[in-house]
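Chemist: Build out the structure end to end from the sequences listed, making use of the hints.
These protein sequence lines are chains A and B, in that order.
The first sequence begins at 136 in this note's numbering and counts up one residue at a time.
The second sequence begins at 136 in this note's numbering and counts up one residue at a time.
Do not rely on the hints blindly, as some may be mistaken.
One copy or two, either will do: identical chains are not told apart, so a pair holds if it fits within one copy or between any two.
As the list claims (entries may be wrong) - Once the Cα atoms are required to be at most 20 Å apart in a straight line, the calculated SDA-like pairs of lysine to any residue come out as: (1) K266 to M297; (2) K257 to A317; (3) K150 to V182; (4) K324 to L242; (5) K150 to I251; (6) K266 to V320; (7) K264 to R230; (8) K257 to G236; (9) K157 to E315; (10) K150 to L167.
These aren't lab readings, by the way, just hints derived from the structure by calculation.
There are 2 protein chains.
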Amino acid sequence: MSQNIIENLVTQLTKLPGIGRKTAQRLAFFILTLPAEEAKDIASAIVDVKENARFCSNCFNITDVDPCAICSDPSRDSNRICVVEEPSNVLAIERTGIFKGTYHVLLGALSPLDGITPDKLKINALINKLKDNPVEEVILATNPNTKGEMTARYITELLKPMNIKTSRIAYGLPIGSDIEFADEVTLSKALEGRRDI
Amino acid sequence: MSQNIIENLVTQLTKLPGIGRKTAQRLAFFILTLPAEEAKDIASAIVDVKENARFCSNCFNITDVDPCAICSDPSRDSNRICVVEEPSNVLAIERTGIFKGTYHVLLGALSPLDGITPDKLKINALINKLKDNPVEEVILATNPNTKGEMTARYITELLKPMNIKTSRIAYGLPIGSDIEFADEVTLSKALEGRRDI
Chain A
136 MSQNIIENLV
146 TQLTKLPGIG
156 RKTAQRLAFF
166 ILTLPAEEAK
176 DIASAIVDVK
186 ENARFCSNCF
196 NITDVDPCAI
206 CSDPSRDSNR
216 ICVVEEPSNV
226 LAIERTGIFK
236 GTYHVLLGAL
246 SPLDGITPDK
256 LKINALINKL
266 KDNPVEEVIL
276 ATNPNTKGEM
286 TARYITELLK
296 PMNIKTSRIA
306 YGLPIGSDIE
316 FADEVTLSKA
326 LEGRRDI
Chain B
136 MSQNIIENLV
146 TQLTKLPGIG
156 RKTAQRLAFF
166 ILTLPAEEAK
176 DIASAIVDVK
186 ENARFCSNCF
196 NITDVDPCAI
206 CSDPSRDSNR
216 ICVVEEPSNV
226 LAIERTGIFK
236 GTYHVLLGAL
246 SPLDGITPDK
256 LKINALINKL
266 KDNPVEEVIL
276 ATNPNTKGEM
286 TARYITELLK
296 PMNIKTSRIA
306 YGLPIGSDIE
316 FADEVTLSKA
326 LEGRRDI
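Modeler: Below, the structure written as structure tokens:
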């Protein structure tokens, strides 16, 4: 069959993760029905992200302006730094709307077996930043798994001599979940982390 | 939060059907890791489809050249016309690889209650085409539901006086399915349509 423009779009869309042929086809025919302007908006957002995305020189979040919108926002509390593994984590925390501090993106988590040693991450940049501008609190929001845990401990050790308050995000049962179906580790953490009411 | 380029891409992607915020975010960060060339290919496939897609003047499939690649392919058997409702159905049948004839896309199915009367579909175009160039067989591959069925019967009536062999795609159990879970109508059709072996 000749590779026509619809087929081409379907093929392009299947390159995306989790998009199989049927989904790609549904999307392609949907795009076909969109006003030309809206389809162009999607296309230019894709090009835009590739052409203009870079890392913020201060927090290493992905941005199109340097420093990023969060770092340069005077209403954000720069005395509180939330340390995360990836730029996508910043987006997730921002959506909660409750954190008004700034971020530091490590661009990964420690994993010595995979060759991800501390020098591969933005850990030195964090320490140097804190030496120049001590802050009130560093919140370690790396993932609650082996690598994220190791990374959080490593950074905690580095921060100890600097006398900076360091906290770790809470472990526990996710909201809306069911104790019956919680795994033992999560449930143990939820019990350990219990608070007086 | 400032609308940065990643947020913008996420917002654009959520316009697509079945793409929620989380999926859009995953796609956006994936696009960020793609080589610039590949990301541009996706973007230009989207723009391309909007700028160059039109209906084939012969079969009403979507195409960028007129007549479409299938209609202008001399290796296709123009004596066999498969009638379908939508361009996406052509794509589905083409993927089976077993049909070597040509198509006629009705661009819908009869639905008088919704105002879709025969004149709203490409039925006249089909009849006129057949008057000028009689074919050996018309295969009615409209959907096996009320509207598709009604459309198939309507076209059958029109073709009767023209003495053109008309067939309907087979009903039955889908391959890989289970008789236990088949609905009664499908199972009845599968029994009625049984063949000697």
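Chemist: Within a copy, between copies, both or neither: which one fits K157 and E315 at a CA-CA cutoff of 20 Å?
Modeler: This pair counts as neither: shortest intra-copy Cα distance 36 Å, inter-copy 26 Å.
Chemist: At most 20 Å between CA atoms: does that hold for K266 and V320 within a copy, between copies, both, or neither?
Modeler: Neither: 36 Å inside a copy, 74 Å across copies.
Chemist: Is it within, between, both, or neither for K324 and L242, if the alpha carbons may be no more than 20 Å apart?
Modeler: Answer is neither: 27 Å inside a copy and 58 Å across each miss the 20 Å cutoff.
Chemist: Between copies, within a copy, both or neither: which fits K266 and M297 at Cα up to 20 Å?
Modeler: within (8 Å within a copy, 89 Å between copies)
Chemist: Is it within, between, both, or neither for K264 and R230, if the alpha carbons may be no more than 20 Å apart?
Modeler: Answer is neither; intra-copy 26 Å and inter-copy 57 Å both fail.
Chemist: Treating 20 Å as the Cα threshold, decide for K257 and G236: within, between, both or neither.
Modeler: within (19 Å within a copy, 61 Å between copies)
Chemist: If the cutoff is 20 Å on CA atoms, where do K150 and V182 land: within, between, both or neither? Let me know, please.
Modeler: both (16 Å within a copy, 17 Å between copies)
Chemist: Can you give me the call for K150 and L167, within, between, both or neither, at a CA distance of at most 20 Å?
Modeler: Both: 19 Å inside a chain and 13 Å across chains, each within 20 Å.
Chemist: If the cutoff is 20 Å on CA atoms, where do K257 and A317 land: within, between, both or neither? Let me know, please.
Modeler: neither (34 Å within a copy, 57 Å between copies)
Chemist: How would you classify K150 and I251 at a CA-CA limit of 20 Å: within, between, both, or neither?
Modeler: So K150 and I251 fail the 20 Å test inside a copy (27 Å) and across (37 Å) alike.
Comparing the model with each numbered hint stated earlier shows that hints 2, 4, 5, 6, 7 and 9 do not hold.
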